[in-house]
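Q: Which chain is which? The protein sequence lines are A and B, in order.
Residues in the first sequence are numbered from 1 upward in steps of one, following full-length UniProt numbering.
Residues in the second sequence are numbered from 1 upward in steps of one, following full-length UniProt numbering.
Honestly, the hints are just simulated from the structure, not real lab data.
Please read these numbers as outputs of a predicted model, since none were measured by experiment.
Where a beta carbon is used, it is the ideal one built from N, C-alpha and C, also for glycine.
A hint or two may mislead.
Computed, partial: chain A to chain B, Cβ under 7 Å [unchecked claim]:
| id | residue |
| --- | --- |
| 1 | Met194 |
| 2 | Leu198 |
| 3 | Glu199 |
| 4 | Arg205 |
| 5 | Ala232 |
| 6 | Ala233 |
| 7 | Met237 |
| 8 | Ile246 |
| 9 | Arg247 |
| 10 | Ala249 |
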Amino acid sequence: MSEQETVESTARRLGAFLELRREQIAQRWADAPLFRTVFTVSREEAVEACKAVVDALAGVASSGRLEDITSSGFDSVRDQLGRMTDAWTRMGASPARIADEVAALRSPVAELLRAESPDPAAPEAAEGLLAFTALMGTLRLVVMQTALTSGEELIERQRQQLLEVATPVISLWEGVVAVPLIGTLDSARSQVVMESLLEGIVARRAQYAILDITGVPTVDSLVAQHLMKTVAAARLMGAECIVSGIRPAIAQTIVQLGIDLSPVLTRASLADALAYALSRLGIEVSPRASTR
Amino acid sequence: MTALFPGRPTAVPILALGDTLLVSLQGELHDGMAEQLQQDISRRIADSGAVGVIIDISGVEIVDSFLGRVLAEIAASAGLLAAGTVVAGMRPAVAITLVELGLTLPGLTTALDVERARELLAQAAEPGTWDRCQRGT
Numbered sequence: 001m002s003e004q005e006t007v008e009s010t011a012r013r014l015g016a017f018l019e020l021r022r023e024q025i026a027q028r029w030a031d032a033p034l035f036r037t038v039f040t041v042s043r044e045e046a047v048e049a050c051k052a053v054v055d056a057l058a059g060v061a062s063s064g065r066l067e068d069i070t071s072s073g074f075d076s077v078r079d080q081l082g083r084m085t086d087a088w089t090r091m092g093a094s095p096a097r098i099a100d101e102v103a104a105l106r107s108p109v110a111e112l113l114r115a116e117s118p119d120p121a122a123p124e125a126a127e128g129l130l131a132f133t134a135l136m137g138t139l140r141l142v143v144m145q146t147a148l149t150s151g152e153e154l155i156e157r158q159r160q161q162l163l164e165v166a167t168p169v170i171s172l173w174e175g176v177v178a179v180p181l182i183g184t185l186d187s188a189r190s191q192v193v194m195e196s197l198l199e200g201i202v203a204r205r206a207q208y209a210i211l212d213i214t215g216v217p218t219v220d221s222l223v224a225q226h227l228m229k230t231v232a233a234a235r236l237m238g239a240e241c242i243v244s245g246i247r248p249a250i251a252q253t254i255v256q257l258g259i260d261l262s263p264v265l266t267r268a269s270l271a272d273a274l275a276y277a278l279s280r281l282g283i284e285v286s287p288r289a290s291t292r
Numbered sequence: 001m002t003a004l005f006p007g008r009p010t011a012v013p014i015l016a017l018g019d020t021l022l023v024s025l026q027g028e029l030h031d032g033m034a035e036q037l038q039q040d041i042s043r044r045i046a047d048s049g050a051v052g053v054i055i056d057i058s059g060v061e062i063v064d065s066f067l068g069r070v071l072a073e074i075a076a077s078a079g080l081l082a083a084g085t086v087v088a089g090m091r092p093a094v095a096i097t098l099v100e101l102g103l104t105l106p107g108l109t110t111a112l113d114v115e116r117a118r119e120l121l122a123q124a125a126e127p128g129t130w131d132r133c134q135r136g137t
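Take the sequences, apply the hints, and build the full model.
A: Right, here's the structure in full:
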């Protein structure tokens, strides 16, 4: 028998063992922290979840591809593993901790596997254990992959939400609108800012638009380019654009980077920008004369 | 006059409102129409002594560098005849497209709509204020 065939027959024997001992393994795993902490309400549920995982492992083992994390055998439990890793993550467990808990599932089954073999010193028994270890390693990888994927999905969702939330167009005065920019300006966000600002200019018939960048942590040449594009687009709509909220450190950075912001009208604060817009509109704001 | 594109109008109407000329562009402006429009506007300014031209482009949904150049040329030739040009009613999508194309039309005065454009031109009628308008009042 070649080495390849030995490995495959060992894997098949392992698969048969997992199917045979499914109930026992599930009962033992249900007490392991990995399942116990997630299925707190009913032990039955935990046992069912364990059975599903054992079935998946048996399927993968029978197919003979112990180290293939893309094996279709895992597909049926991916959702379940996802829910479990989500629950662990919500409890504040790191991926490393989850991986440790998955590793803890190995020893109860290894005991069963040893008890199964008539002669623990026989090479078949050692090969069986080795195959099982490889299979558990693959399960660990699948769990880690699931945990990371759900993390990535979360990040993507939050990125979308940030894009929608962070660009309100505020009416400051009749004919004056402002957009407070918060966070880093990338091209996707600046596109959203530009669109909502222009819509705001049309809706409020604004003559002055103020872009407040107090909440923008850094201004590099790319951000400056986005700002200038927005200013140019607002001008094409017939509104004058004022950039306010340039902090001293950012002003220095802009100068040191050699960015030419001279086509853009700038003011130190939102208040200054509003005062400029009001004076150009011919509106005078003065304190009320004291009545007594 | 030969119709270059049969079935399409060959001239854009120019309306006179007091001492202002109003041109409303609708849909696509093709080469023949643009050339005709430039000639018509210059002649009308010279004949009537108009001091302002308002080009309403609220009906234009697609712009390209050609339209940008036509607008700049009309403004330049009207300027030579001492008339101020205001481009009014640009749609947000059009403005974004122009900026993305790198056409910021620096020499043009813009207004939100025709009403604002008339206010701008009225202010410009006071001597010495047109320069300020062009910087964007």
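Q: Against this structure, judge whether each hint is valid.
A: Here's how the hints hold up against the structure:
1. Met194: Holds, about 6 Å.
2. Leu198: At 3 Å from the nearest chain B Cβ, Leu198/A passes the 7 Å test, so the hint holds.
3. Glu199: OK, holds: Glu199/A within 7 Å of chain B, min 6 Å.
4. Arg205: Hint holds; Arg205/A Cβ to chain B Cβ min 6 Å, cut 7 Å.
5. Ala232: 4 Å, holds
6. Ala233: 4 Å, holds
7. Met237: 5 Å, holds
8. Ile246: 20 Å, violated
9. Arg247: Violated - the Cβ of Arg247/A stays beyond 7 Å from chain B, reaching only about 26 Å at its closest.
10. Ala249: This hint is violated: Ala249/A lies away from chain B, its Cβ roughly 28 Å from the closest one there, beyond 7 Å.
Consistency note: the structure conflicts with the earlier hints numbered 8, 9 and 10.
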